[in-house]
Structures are given as C-alpha cells and as structure tokens.
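S.K.: For this one, chain Y is given, so just place chain A on it according to the hints.
Protein chains: 2
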Amino acid sequence: MANWTLEKVEGLDQADPLAEKRRLFHLPEGLIYLDGNSLGPRPEGVAARLAAVVEDEWGEGLIGSWNAAKWIELPQSVGAKLAPIIGARPGEVIACDSTSVNLFKVLMAALTINKGRKKIVTEAGNFPTDNYIIRSVANLAGLECLAPPADRILEVVDAHTACLVLTHVNYRTGEFYDLEAITRKAHDKGALVIWDLSHSAGAMPLDLDRAGVDFAVGCGYKFLNGGPGAPAYLFVAEALQDKVQPVLSGWMGHARPFDFAADYEPATGIDRNLCGTPGILGMAALDAALDAFADVDLEEVRRKSMQLGDLLVDLVEDQCAEYGFNVISPHDATMRASQVSIAHPQGYAIMQALISKGVVGDYRDPEIMRFGITPLYLRFVDIWHAVQQLHKIMEAETWRRPEFSERQLVT
Amino acid sequence: MANWTLEKVEGLDQADPLAEKRRLFHLPEGLIYLDGNSLGPRPEGVAARLAAVVEDEWGEGLIGSWNAAKWIELPQSVGAKLAPIIGARPGEVIACDSTSVNLFKVLMAALTINKGRKKIVTEAGNFPTDNYIIRSVANLAGLECLAPPADRILEVVDAHTACLVLTHVNYRTGEFYDLEAITRKAHDKGALVIWDLSHSAGAMPLDLDRAGVDFAVGCGYKFLNGGPGAPAYLFVAEALQDKVQPVLSGWMGHARPFDFAADYEPATGIDRNLCGTPGILGMAALDAALDAFADVDLEEVRRKSMQLGDLLVDLVEDQCAEYGFNVISPHDATMRASQVSIAHPQGYAIMQALISKGVVGDYRDPEIMRFGITPLYLRFVDIWHAVQQLHKIMEAETWRRPEFSERQLVT
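Protein sequence lines, in the order shown, are assigned to chains Y and A.
Just so you know, the working numbering puts 161 at position 161 of the first sequence, and the rest follows in order with no gaps.
Just so you know, the working numbering puts 190 at position 190 of the second sequence, and the rest follows in order with no gaps.
Same shape as in the complex, but just chain Y (with noise of 0.2 Å):
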C-alpha cells in the first residue's frame, strides 16, 4: 500500500492518458458519481441528437424518416458500434428489446439446436432477473435447471446440459469469470455458452469471438451510459446465425418485413433477432452515446480501472480502519471487474449518508456498498474525497440519523 496523499493522487490523474475523456460527459457540478455501473451519465452529444430526432427527423420529417433519417438502420448501426468493445465482427451483435427479452431469445434459440440435451447450467448467485428467465425457460421447455455456486459450475456441466448462462461479473462481488477458459471447458461437453455482459461491457475488453462464446446479450445503460433503461443489445456467432429459430418472430426480423407477408421467413444473419419496431429515441441515444468509445482502448480503460479500484481500496483500509468495513469485492485487481463492494452491518444508512454528501453509490443486500469504477470519467482525486467524506460521515456518525435508514425504493 502506497501511503496516499492529496497530491500524490493528483498526479495519477496528470498522467492519465484517458484525462480528457471526462469532458465527453455531462457530470453535475460538485457530485462524486460511482454509480455508473447502475446508470451511465449522459455523454455530451446525446441531448444534441435526441433534440435532432425529435425536432428534424419525427418532427419535420415524420414518416420518412425511417428511410431517410435511417431509423431502419438503427439497430445494426447500434450493433456495429458495440461490436468492437466486445470484441465481435460487426454483423454479429444487433441492438434491441431489453436484456431479459433478449436472454429469453438467446436461450430459447440454444435449446433448440441443442435439441434432445435435458439441463440448463447456471449460477446460484447470478444475477436474479436472469436466473427468473433461465428458470421460467426451463420450466417452458421442461428441462432441469441446476444453479450451483460460482466454484461448482463445470462439476455440473456435462453430456446432458444443453445450455450454460453466466453473468460475466457478479454484480454483488465484482469478481468476475475467466469467460475464455469456462466457454472452452463448457463446449468440451458440448454445452452452448450463453454469456450476460451487462456488467463489464465497456469496462474491460472482450474478446467473444476469439473466445468462442456463442451467444450473449447485455445492457446499454450502465457502462455503456445509452440513457435510462437504453436499448439492451444480443450477439450470436456468425456460425450459429442460420441455426437461430427465433420464437419472438416479430416483423422486424422477417426476411422482408415491408412485404407484409402472410407467412414468416427470418431474415438471414443476426436481423432475425429482431423482433418488434425498435424504440428509435432510445436507440438514437444509444447510438450517440457509444461514439464516447470510438477511439477508446478497452485496455486503457481496465487498466485505469485497476489503479482506481485498488486506490480506494486501500485508502478504505488506510483511513477508515477502525468502522468495520470488510472490502468484499477481490483485492487482486486482475480478479476485481470495474466496481469495488464494500460490506458494513450499517451498510444501507451509511450509503445514503454519502449520497446526502455528494458520493453516489448504491447499496445491495446484504450490507453491500457499491462503488462503481468508471475510468472514461471518473478522476483519482474523486476516489480521494469520497474515502475523505466517508471518514467524516462515520467520525461524525452523520449516518445514525434517523432519516438515513428509512429505505428506499431504488438507490
């Protein structure tokens, strides 16, 4: 542990080289913000752009604009743009729905060409939306579904298990799987690999396509900062394209949807992943959001990521010694994704404390503080004064306040 001064940490941010990056982003006066693991700010462009949709494109240009606003485009266009930062070939990922639908999709889509193979693998603690799909799946299709703990899963995967479905991090912990080694060991068996990057997509690089993944899907709003409930995206292997029978046959993954055909025939590629009209102020959002990443490198950014989460880390265990906290999330940055957990017993009236004082986290059960790590915007000095504030609140026991503990809905 370096013993951490103001001015020290002000020379990691004088020679970080994503520095400038910050300015792509709208952050509100005064507010330390380590909660975009939650909800991505707003990138700089996106009020231009949804101001030009709303104005030009519906307003002005009304239905025309789906051909000459390219509205039609959007979901490939979207997917295009996701596609480097995790690491597939442009025609393989295609923006869309939200991840749950598009979990539903991929998973419904694996089971039939593994046809005939009777268990779905996931993990206890994945994350609970997934797990709700996973299961409601299985029950659907009436396959067993086994959900071991994180260090049990390849034990489970075998000859029978048709599909396994693993959030890449895991959101209470921040630990994160070796996605290559498990996709390979699971396709030794003959299982499909159905990945949720929902958590380290724009955090970290990715690599699917050289890892081999087959299917995965993923949010547009935490790292991705697309907006409040963006568009949700989903990539299929070039491989497997053809192979997909889509349950959710909607038009916009018809062969030709403006034919109105009678009959359904999916379009070739990732398009028949599409299912209804897409959401086109969301996807216009999105769309301008991602060009914050154009000339990123992911491996920048994970390493920034690295030397943030380990700064507050230990000035936590350097400064706050004597409250209680226990760092859950690894101390090995290389075993660490872009957030550090952070467990105290009063871990939900602390936080809000926090929030009071311009530190945005969030807090999950049980007695988890979540601090989410952003490099494309987040400074070390931030890092310093949140530790900083968080001594004052416990030195002052600012969060015994009563209206620090009434809970809240959403954090």
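Keep in mind the hints are simulated off the structure, nothing from the lab.
This structure is a prediction, so every number in the text was calculated from the model and none was measured.
Here a beta-carbon is modelled for each residue, glycine too, at the ideal position from N, C-alpha and C.
Wrong hints could be hidden among the right ones.
Claimed, not checked - Cβ-to-Cβ under 10 Å is the rule here; a few derived chain A residues that face chain Y:
1) 15
2) 19
3) 20
4) 24
5) 53
6) 58
7) 125
8) 176
9) 259
10) 282
M.R.: Just chain A now, with coordinates in the frame of chain Y:
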C-alpha cells in the same frame, strides 16, 4: 353526395369542435399528413419533456431519478393515461416492450389459463406480425393454429379453442370487427379473446371492460402519437390478472424487484406483465404525447373521423372519377375505422407523386393507397387540398415519371 366546394369544406372546419386541438401538434408547414395511422406527428409538449428528462432528470438527477422523477412508475402511470382511451380501469393497462412482445406475453398467459384446449384462432388477413407471433406460439405449445377469412371466424371458434386473437381494424381496408359481439360469442364457447388495438386506440371510442375483453395489446406510435417505435401497452382484465403466469418473468414484474431475491415471485395485478427495465426516453415521450387526449371526447373524435373519411371518399369519387380509383374501405362510415384505402393499379407511383407534392399517405400491397384520418389535427380543408393535388397528379400524369415507381423500403 354533397356538391362540395372549398367554401362548404371551410364551413366544416369552422363548425368543428375539435379544431383547436390541431395546435397541440407540430405539423410541418404546408404538409398534409395523412399517415398518422402509421406514425403520429409530434405533440408540442414532447420536445420540452424529453429535454427535461435528458438535461435535468438524467443529466443532473442521475440514478436518483428512478425515484425522484418517478421513472419507476412510468409503465403504470402511462398505463393509467391509456386506460380511459381503451375503456379500461387504470390498473388494467401497463406500458411496456413492443406490441409483438406483448402479444407473445398475453397469448402465453391465455394458453396457460385455458390449458387443455388445442386450438388458437386468428384471421388469415390479420396484421402479419401478429400472425407470425401467433403461429410461433402455437408451434411452441403444440397447438393447432386456424386462420380463416374474417367472415368465418366464429364458425371456427369452438369448445376446443383456447384463444381467439384478432386485430380490431384491418390495416389494408380499414374495416373493423364488432369487438363486443365477437368477444361475447367467443366467450360462449369458452375461448379467451385477445384484441390488437394498434389501429383503433385513439381514433374511436373503445370499451374493453363493457365488452368483457380478456387481453389486449397495442402500439403507442400510431393514433397515440408517442413517437417512432414508442413503447407498446397491454391490457389484462382485472379478473384474470392473478391467473397470469409470466413466461417473460423479468425483474420489473417481480413482487419486490429491488430485493434482488433469488426466486421469482410475480407482482400482484397488472405489474407482473413487465419484464426488463423500461426505456425511459420512449416512455416519457409517450407520457407527454398522451396529454393531448386529456380532455378529448372520443365520441367527438369518431364523429369527425367519419365526416373526414366521407369527405375524402366523396371527393375522390366525384373529382377523380375518370382515373380508375376503387375505394376499398367501406363507404358506410359506421363500418370504416379511421383510414380510407383506395386501390389503383399504379397506386405505388401515385402515392410517391403525392408525397413529393406534400400529401403524405402510404402504400400497401396489393395496389392500396392508405390515407390515415386523424381528427385531432386534420382539417377538412386538408382533405380538399389533398384531393385537388391527387387530381392534378392524375391529370398531368406526373405519376408516370420513372422516379415515382422506384420501390423504397418504407414509405
């Protein structure tokens, strides 16, 4: 048929009780927009609302806006605004996903409720994307799917029919079903009934509760003016709500989504029909757009719609008699929904020529020019001038120019 003159037509506008509603919409200068049944124009309040969402709520409020700006309640609050438009109670409607995804949800729910019955019935000429979904569900559930012509539907619905699924208005002809009579007759056989209201909601009074409808879906971007690819909605009759077992069991339909519980427990009431995180930009636009309906009497809308449609039919048949147009929508306004469809062998080229002159309708195979009738912002003089333009185009044979016969993807 009246002997129409421009003066007589202007008289209709002067007497129109809905005339002042036009100023609630942004309509490009000089354009006559007869495609509001495909994409409604922008209500004036939407731009300011979206700017507030983007700049204040997302930009400044960030994650806290899920509570503070009530983002989390939008599916329900938008549903509550939709409820009176379709004759439902506020807790019976929720805004979410796309029409196709919602049709999948309610169809799966209906099949579970009517388990053991072996048939789904729809109409051969139903809106194609609905039939794609219906056949996919039939295939998934191992049921027979019957799609007779419209006049034979009730012969086919029998004691083996789990569900009847129909679109209220035929998108090609503008004819519409007697929703209440069909619902009651299908109920007599024990079938559940699902209506797609995409082409009627906002254009005519609907009373789902009085008609005893079980489920309904519809889109937000046609007569409801919610914007391109606006969120869709779904309706579940109160008595059936607790029998719905969601297949798309995402976290937003959970009884306590923010508990992140390991097991799925459906919310009570309509909420369990939600799946993933709602797209807030699209939701907010639809929410603001629906304010245009706040004090609108849909009986008044219907009266004006019939008058406008009659005027269009009269003028085309009177002033363009020699050009071979065939009005395929019912001449009897009480049997015609809010569009007029006119066939012509050169319909595609004629429509393109009209659009080039600022009269925007659309075209659907075979040979059908569609004119949407949207009483909240359409004037009687718009219909007069549209037909004048049509006459000019036919007389000058403008539509024979080669550029008007090149097919585009979307009109």
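S.K.: Does each hint fit the structure? Answer for all of them.
M.R.: Status of the hints after comparison with the structure:
1. The beta carbon of residue 15 of chain A comes no nearer than 28 Å to any beta carbon in chain Y, farther than 10 Å, and the hint placing it at the interface is violated.
2. A distance limit of 10 Å between C-beta atoms decides the matter here; for residue 19 of chain A the minimum to chain Y is near 21 Å, and the interface restraint is violated.
3. The interface hint given for residue 20 of chain A is broken, as the beta carbon of that residue sits about 20 Å from the closest beta carbon of chain Y, more than 10 Å.
4. Because the smallest distance between the Cβ of residue 24 of chain A and any Cβ of chain Y comes to about 14 Å, over 10 Å, the interface hint for this residue is violated.
5. Contact between residue 53 of chain A and chain Y, as hinted, is supported at the beta carbon level, the nearest pair being about 8 Å apart and thus within 10 Å.
6. Because the smallest distance between the Cβ of residue 58 of chain A and any Cβ of chain Y comes to about 5 Å, under 10 Å, the interface hint for this residue holds.
7. Taken as an interface hint, residue 125 of chain A checks out: its beta carbon lies about 8 Å from the nearest beta carbon of chain Y, inside 10 Å.
8. A hinted interface residue such as residue 176 of chain A counts as satisfied when its beta carbon comes closer than 10 Å to some beta carbon of chain Y; here the least separation is about 18 Å, so the hint is violated.
9. Interface hint at residue 259 of chain A: satisfied, since its Cβ lies 7 Å from the closest Cβ of chain Y, which is below the 10 Å cut-off.
10. Checking residue 282 of chain A against chain Y: minimum C-beta separation of about 4 Å stays under 10 Å; hint holds.
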